[in-house]
Amino acid sequence: MAMLIATWKHCVYVFSTGLEDEVDTFQEEHERERHRGKRRDGERAKKKKRGNGEGRKRASRAGREEEKLQARREKKGRRKKSSSDQEAEGREGDEADQPTTKSSKAAKTRKNVKNEKTRKVEKEEKEDEADDEERNRKRKKKHGSNKKEENVEDGNTVKEKAGEVKKKKHKKVVETSSEKETSEEEDNEEEDSEEKEVRPETLTPEELEMLKEAVDERKKLIQGLRGKPWAMKKKLVTLRESQEFVDKYEGALGKGKGRKLYAYKVMMTKKWMKFKRDFENFKTACIPWEMKIKEIESHFGSSVASYFIFLRWMYGINMILFCLTFGLVMVPEALMGRPYGTIPRKTVPRAEAPSAMDFAVLWDFGGYAQYSVLFYGYYNNQRAIGWLKFRMPLSYFLVGVGTVAYSYMVVIRTMARNANESGVGDDNSFNFSWKMFTSWDYLIGNPETADNKFASITTIFKEAILEEQESRKDDNIHLTRFLRVLANFLVLCCLAGSGYLIYFVVRRSQKFALDGLENHTWWERNEVNMVMSLLGMFCPMLFDVISALENYHPRVALQWQLGRIFALFLGNLYTFIIALMDEINLKREEENIVKFNITTWEASHYNISASENSTSPPVTIQPADVPRGPCWETMVGQEFVRLIISDTMTTYITLLIGDFLRAVLVRFLNYCWCWDLEAGFPSYSEFDVSGNVLGLIFNQGMIWMGAFYAPCLPALNLLRLHVSMYLQCWAVMCCNVPQERVFKASGSNNFYMAMLLVILFLSTLPAIYTIVTIPPSFDCGPFSGKKRMFDVIQETLESDFPAWFSKVFSSASNPGLVLPFILLMVLAIYYLQSTSKSYKEANVDLKKKLQTMNNTKVEMVES
Amino acid sequence: MGNKQTIFTAQQLDSYQDCTYFTRKEILRLFDRYRDLAPQLVPLDYTCQPDVKLPYELIGSMPELKDNPFRQRIAEVFSDDGEGNMTLDDFLDMFSVMSEMAPRDLKAYYAFKIYDFNNDDFLCKSDLEKTLNKLTRNELTEDEVRMVCEKVIDESDLDNDGRLSLEDFQTMIVRAPDFLSTFHIRI
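Protein sequences, first through last, are from chains A and B. If you're matching positions, the first sequence starts at 1 in full-length UniProt numbering and goes up one per residue. If you're matching positions, the second sequence starts at 1 in full-length UniProt numbering and goes up one per residue.
The shape of chain A in the complex, shown without the other chains (with noise of 0.2 Å):
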């Protein structure tokens, strides 16, 4: 017995020595593989000493056992190749033979020969090893005789089929490949005598945690299977040996037991990863639109593509201020509030009355629009509306907020995510490099997509050339900062131009609306939309020729252009945002004046019926007739409406006449013209993304600025998005020619989203200081009769909430807590920042280390 347990003692500590080698890196694998390479070349002999040292310490222990393998192995390895001696690179199969591989007996004598003499040569390969030692063990105390083994597994097929009635016996049917030398009687003998060795009373605990040691990394091995760079025979026989092994000593070490449990939870895992990854594939399928810009990735290339991504994220972005708005907003009071028509704030005024359901007047979104849900002014104070008790006022303010908040949360995120991204490698460290291994595609299966990406390789080829040469060449400096300082002056001008444009239009508008607008033509009366529309349309158009003066590099060019149109956007819609402060200024003082008369109005009217008959019932007037307020937040959100109607028409028209007209053209003009139109001049047009994705990111901020007065704006940018899409995809691919010089986007890609954020937070500075600081209307949306917006939260926490929860918030809103939390946070960020700085240079220093390293590594190995 004692014997026994040495026995099985020595051969836990083989096995587990084995697994070292076995958990190994692929770098190692691959060694080994180089070698069997060079093998084959027939540099056998100078590698003896391979693999020496990872060998040792078993050959120490096992050594014997571990020959005889190897003499095995090698024999096998032998009889491989005398199967396939053309071949004279490529992977080998490892000890993978076929079973069907019938050799003669004669080839098994002269391999037994050859056997011999290269027994120690195969250190290499070791991965096997430890299953295999553990077989050998077995065998150990008979003397299995290499002929006996050959047998056995030249009648490996039919033991095969015989396996498969016992289902007990996992191995025996999974037998695949060459590595069968126990017959089956055999191994039934040495598993009978083996469990009744292996019995837990008889081990002592530390045997007993070498052993669980060494089922666990058996247990990962079958796990970590999959991912192993092996071919496929000898993932099968590792895992035919690990599963063995495991099936054996899991019982002696009590796992047993829980048998149907283990089993059980190992059904769930899969379940769930097989869950996870259909769930995926869903979500994948989920994406809108993919085969489109998949379309137009193959046609023009990444850039163009990142627009339509773009596009397409800002329409998921829009889809969520859509739902938050329309569920929690628009639905409720449409359903639970008062009808329409119930109260002033819900009715067309008599005066408009006749007018309301023309469609000039809608269009404008007066008339009927004005006083529908589309707009601030149609809500009502009422605090609970409904059987649900929905705190109408509160829902309009919190999805006010919401709205801002979830904005900010998600742009931060994206930039966070793309900065992480990128911010992986230096940028540029390893760019042909990868151009090089990953620009192929592998899941292309189309031959014109096959096409269009070959030429796409080859532009992005050409023109990181281009680029790599232009870093290289310098010019004249001083004309080239004249010209860059004149171009500046030259935009400078133009913005100032056309911020004084703007403000003159709004000025003479306004003074127009005094008039009243129905004496005006309809050039006057959209001026200020169609002067914004056509500034933001040529301005571009002007930077881009000033930029020509500059020559910078196209990367730099492009991001001057950006930043100045964004400049000019930005001035133009602060122009706007001023120019409607005084107008809601105007409003106001209006506002006090009906606030007066409707005082005296109201008293009159008592009196009236006060003094006719005080007992008959008070005469009831049409709200209709009511005078209101002008109701300032419903203008602010028509006004945008109008903006965001107006831009959309805009770039519409821009797109039909300069993109699918100028193609029409170009295209049928040629026949009969006297130069080539397609090569010359007029040419097609290239898509503008720089341009596109600004127009968008304005866009965006126009809803971000409007959506708290009408509602209804995240539903009409959604609108206008879904049409974007599909009219542009068919802009570029039908009438566009891809550009010239196309940089790849990702770069560029946080720069977009670093000028949203910035978009973000100056178009909700506006928002929210007329939230704060102007007191709402008296007599039209849910604030109504408040002294201000927020006051709504003030009062659902003194009414709803109990006592001291409103005492916990007004101490927590304390300034001496807050200033503290304000400095804690800055602090945070210092820290946090200084931290990520010094992990920066940490890398950049590790990266040279590595470098030097490696070059006097190779100078030692050189000397």
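The hints are simulated quantities; they were obtained by calculation from the structure and are not laboratory data. As the structure is a computational prediction, the values presented were derived from the model and not from experiment. Treat the hints with care, as some may be off.
[Claimed, not checked] Below are the DMTMM-like pairs computed for lysine to aspartate or glutamate, each with C-alpha atoms no more than 25 Å apart in a straight line:
id	chain 1	residue 1	chain 2	residue 2
1	A	511	A	602
2	A	462	B	105
3	B	125	B	105
4	A	276	B	142
5	A	276	B	100
[Said to hold, decoys possible] Simulated coverage check for chain B against chain A, where a stretch passes if three residues somewhere in it have a Cβ under 8 Å from a Cβ of chain A:
id	region
6	60-73
7	144-152
Cβ atoms here follow ideal geometry from the backbone N, Cα and C, with glycine treated the same way.
Given the coordinates of chain A, assemble chain B onto it according to the supplied hints.
Only chain B this time, still in chain A's reference frame:
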């Protein structure tokens, strides 16, 4: 396992599932795909390990591979005999590595082997040139090709031996943003 299929035994299927990133259904589907390439060659019974190899011409004509400039290399790397003739095991192995579930390291290892045209376990200049010419269908001039290859070695060769070893390749490829999404065949 009430499903009646006699191609594999349940144990075979289980072990295939442990050795690849596929589910039972996917393995059976892959077998169908494999068999469709040459119905007269591939038997419907794999329980007794028939020794069947499909020649490269058939493997390379699969729609998933036929437009890939590296199809021959892929088949060679994953085939047992190094010539692109594949058994079912090799076939499963190939698509398992190329599936989206396979980890980055595994993919990088095989990508390296694919780009290593002369099997010398280093990406040397000739390998890079071949890769580039296959990628661009020989549309770059010799100068350009040379320059790009020099740049690649310049960037990625950390030990300065003038060629890329597996380690160099891995350090480079793990940082590549779109390696995982492009080195992937959906079947």
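For each hint, the structure was consulted:
1. Taken as a hint, the residue 511 (chain A) and residue 602 (chain A) pair is broken in the structure, with Cα atoms around 32 Å apart against an allowance of 25 Å.
2. Between residue 462 (chain A) and residue 105 (chain B) the alpha-carbon distance is near 30 Å, which puts this suggested pair outside the 25 Å criterion.
3. Between the alpha carbons of residue 125 (chain B) and residue 105 (chain B) the distance comes to roughly 24 Å, so the proposed pair stays at or under 25 Å and holds.
4. Pair hint residue 276 (chain A) plus residue 142 (chain B) does not hold up; C-alpha atoms about 48 Å apart against a cutoff of 25 Å.
5. Restraint check: the Cα-Cα separation between residue 276 (chain A) and residue 100 (chain B) comes to about 13 Å, which is no more than 25 Å; the hinted pair holds.
6. Counting residues of the region 60-73 of chain B whose CB falls under 8 Å from any CB of chain A gives 7; the rule of at least 3 is met.
7. Given as covered by chain A, the region 144-152 of chain B passes the check, having 5 residues with a CB less than 8 Å from a CB of that chain where 3 are the minimum.
Hints 1, 2 and 4, counting from the list given before, are not met by this structure.
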